[in-house]
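S.K.: Protein sequences, first through last, are from chains B and D. Our numbering numbers the first residue of the first sequence as 1 and each following residue consecutively. Our numbering numbers the first residue of the second sequence as 1001 and each following residue consecutively.
I should point out that these hints are in silico values taken from the structure, not numbers from a laboratory. Think of the CB as a built atom: it goes at the ideal place given N, C-alpha and C, for glycine as much as any other residue. Treat the hints with care, as some may be off.
Unchecked claim - 30 Å max Cα-Cα, derived DSBU-like pairs, lysine-lysine:
id : chain 1 : residue 1 : chain 2 : residue 2
1  : D       : Lys1141   : B       : Lys106
2  : D       : Lys1127   : B       : Lys292
3  : D       : Lys1141   : B       : Lys81
4  : B       : Lys109    : D       : Lys1127
5  : D       : Lys1021   : D       : Lys1216
6  : D       : Lys1081   : B       : Lys109
7  : B       : Lys81     : D       : Lys1127
Claimed, not checked - Far from chain D, by Cβ distances over 12 Å, these chain B residues were calculated:
id : residue
8  : Ile22
9  : Phe41
10 : Gly91
11 : Leu105
12 : Val155
13 : Leu181
14 : Glu212
15 : Gly233
16 : Asp260
17 : Val284
18 : Glu300
2 protein chains.
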Amino acid sequence: MKVVALAGGVGGAKLVDGLAKILSPDVFSVIVNTCDDFEYFSLRISPDVDTVCYTLADIANPETGWGRKDETWIAYHEITKLGIPNWFKIGDKDLATHLLRTTRLKEGKRLSRITDELCKGWGIKHKIFPMTDDMVRTIVKTTDGNALGFQEYFVHQACRPVVSEFDFQGAANARPVVAALDAIEDCDIVVIAPSNPWVSIDPILAVPGYKEAILKKPVVAVSPIVGGKAIKGPAAKMYEELGIQPSASAVAEHYKDFLDGFVFDNIDNNELRKIQRWRIIPLVTDIVMKNKQDRVRLAEEIVTFSETILNRSR
Amino acid sequence: MKVVALAGGVGGAKLVDGLAKILSPDVFSVIVNTCDDFEYFSLRISPDVDTVCYTLADIANPETGWGRKDETWIAYHEITKLGIPNWFKIGDKDLATHLLRTTRLKEGKRLSRITDELCKGWGIKHKIFPMTDDMVRTIVKTTDGNALGFQEYFVHQACRPVVSEFDFQGAANARPVVAALDAIEDCDIVVIAPSNPWVSIDPILAVPGYKEAILKKPVVAVSPIVGGKAIKGPAAKMYEELGIQPSASAVAEHYKDFLDGFVFDNIDNNELRKIQRWRIIPLVTDIVMKNKQDRVRLAEEIVTFSETILNRSR
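Okay, chain B solo, but in the shape it has when bound (with noise of 0.2 Å):
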C-alpha cells in the first residue's frame, strides 16, 4: 500500500514520524505546508517542513513543538543584547538550517531541491515535499480590521487576534511541486495528519492540483481536535471564533466533500453518528500521542484502517 501524508507543524509531524516508522521510502511519503513560511532576520524559514524534517530526524525539540533538541542559543542572545526586538526565537542549530535555505534560495535552486539537500545531510530517507517551491503566505485576517502575516499572529501576537478569514496569498497561482502530484497519484491512499485544518491543510489544497489529485483517491483523516481542544495550537480557538463548535465531527464535516475514512479520539464517541451520516467510515481510538510509541501505534492502526477502506472500495 502507498500512502502519501499531508502535513503542518507538530501534529502532524508526530504523525507522518509513526508512519514512516512503520512504511517505507518506496511508499510512504509528505507534502507539507508551506504557507507558514517567512522571510526573517534576512533568513528564509519554513516552520511546517522544518518541524516535520527535524521530527523524522530526531532532532525536534520534544517539549517546544518547534526548533532543535539540545538547542544553544548564542547567536539569539547576542542579537538581543544589541538591543534590537526580535520575537522569532531562532536557536544555533536551527540558524544552520536557515542559514543554508536562504544561501540555496539565493542561488536559485528551488525549495523542494534544497529540502532534499537537508533530508539527505540529516539523513531522512523519505521524501518530504514542500507543497511548492513559489511564494505563498498565510494572512490571518482578525475581527479588528488587521491583515497578519501568520508567524506575526501566531508566534509574536500568540494567536491573541479573534480571526475572520484566511487568505493564503499566492496560493491559487502556485504551482504544485510536480514529484508531489505524482506521489498522490501513484499512491493507494492520502492521510491526512492531525494538523490544523484551516491553516495547515487548507493551504495544500488552496494550491490548484492537489485537491483535484486526492478527490481521484480514497482519503483519511486524523482529527487534530479532542475533546473539544486542540490537542496543540490555535485550531480550537479558531473553530469558535469562526463560530463553528471545534469538534472531532466539525474537522470531519470540513473534510467532508473527499473523507472516505475519519480518526478521531475515543473521547469523542459521541460524535460517531454525526461524522457516519456524512457516509465517512470511522476509526475510533486513542489519537494522542504522548510518546514515540504512541506515535507507531496509531500509524499501524491507520494502516490497517486504510487496508480496510482500500479492500471496501474495490
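We have chain B already, so just place chain D on it with the hints.
M.R.: Using the frame of chain B, we list chain D on its own:
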C-alpha cells in the same frame, strides 16, 4: 588635536583601540576599509569594520585576529555536519552581527548607519565610518591568471597564490561616506594605522574624495612591516611578489606623496636615512603591540609625535 585614523583589520584595530583610549569621541574617529566585504552563506560580512568594532568593544578574539572572544561554533558545526563545504568559519556570536547587518541592508539601510546601530549596541562611543556605503570589492589578480575575491584569496586559499595586481572593483565609482570626509576636513592630522597598504589602505584612497582630502592634511603613517616581515597577514608576501623588498621604508615610499611623519620599529633603524631622504619626519620606536598597554603607549607616542609635526608645520 583632532585625529582621523584610516584602518583595515587587526593591526589597525589595535592602534585604533589605543588611540580611542586616550582621545575622546569628539576628537577621534576612524575610517575603515570595506573592500574586503563579501557575501557568504547569504550574509553580508564586513571583516575590517567588525574587527575594529569588536576590538574597541573589547569583544574581539585576541588569538585569531578575527571574530569574537568566548565564541561558540554550534551553527557552523551543524552546517559542516550537513556535508556543506564552508571554509569561512563564522561563530554564533559573530553570526548575530552578520544577521543584523544583512537584515538592515535588506531594509534599505546604509552600511554606515547600520555600523552606528551596532556600535551603539556594543557601547562604542567613537565614530567608526565604513569608507563607503556602496558595493566595493578587492579582486586579487594572480600570476597564474586568476582573479580571486579577497576572502577567497585570503581565507580559502590562505594567501598562497602569487599576486600580480589588485583591482578595487567599484571603488572608482563609489561615494565616500560624507561624514567621514567631513571628519577628515575637520581634523588636524590623519593617522594611517599599521594596516596592509595594498589591500587595507589603498582601497580607502581609491574611493574618490579621500586622497584629495588627506592631501590637505598632515599625515602620519605607522609601518605594518617590522624587520622585513608583516606583523600579521600577507603584506610582506605581497611586497615580495610585486617585486619590492618588504621593509619599513617600502611602506613609507608607498605613502610618500602625502606623508609628513612615519612611525617604524627600532629594529628598522637602519632605514632612517632612506626615509628622511623623502622629507618624511621619522619616529623610531617599539611598534609591535603585544598587549593592551602597548596599544596605549604607542598611541600616546603617536599623539605626541603628531603634535610635534603640527607645531613644525605652523
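S.K.: Checking each numbered hint in turn, tell me which of them this model violates, lowest number first.
M.R.: 2, 3, 4, 9, 10, 11
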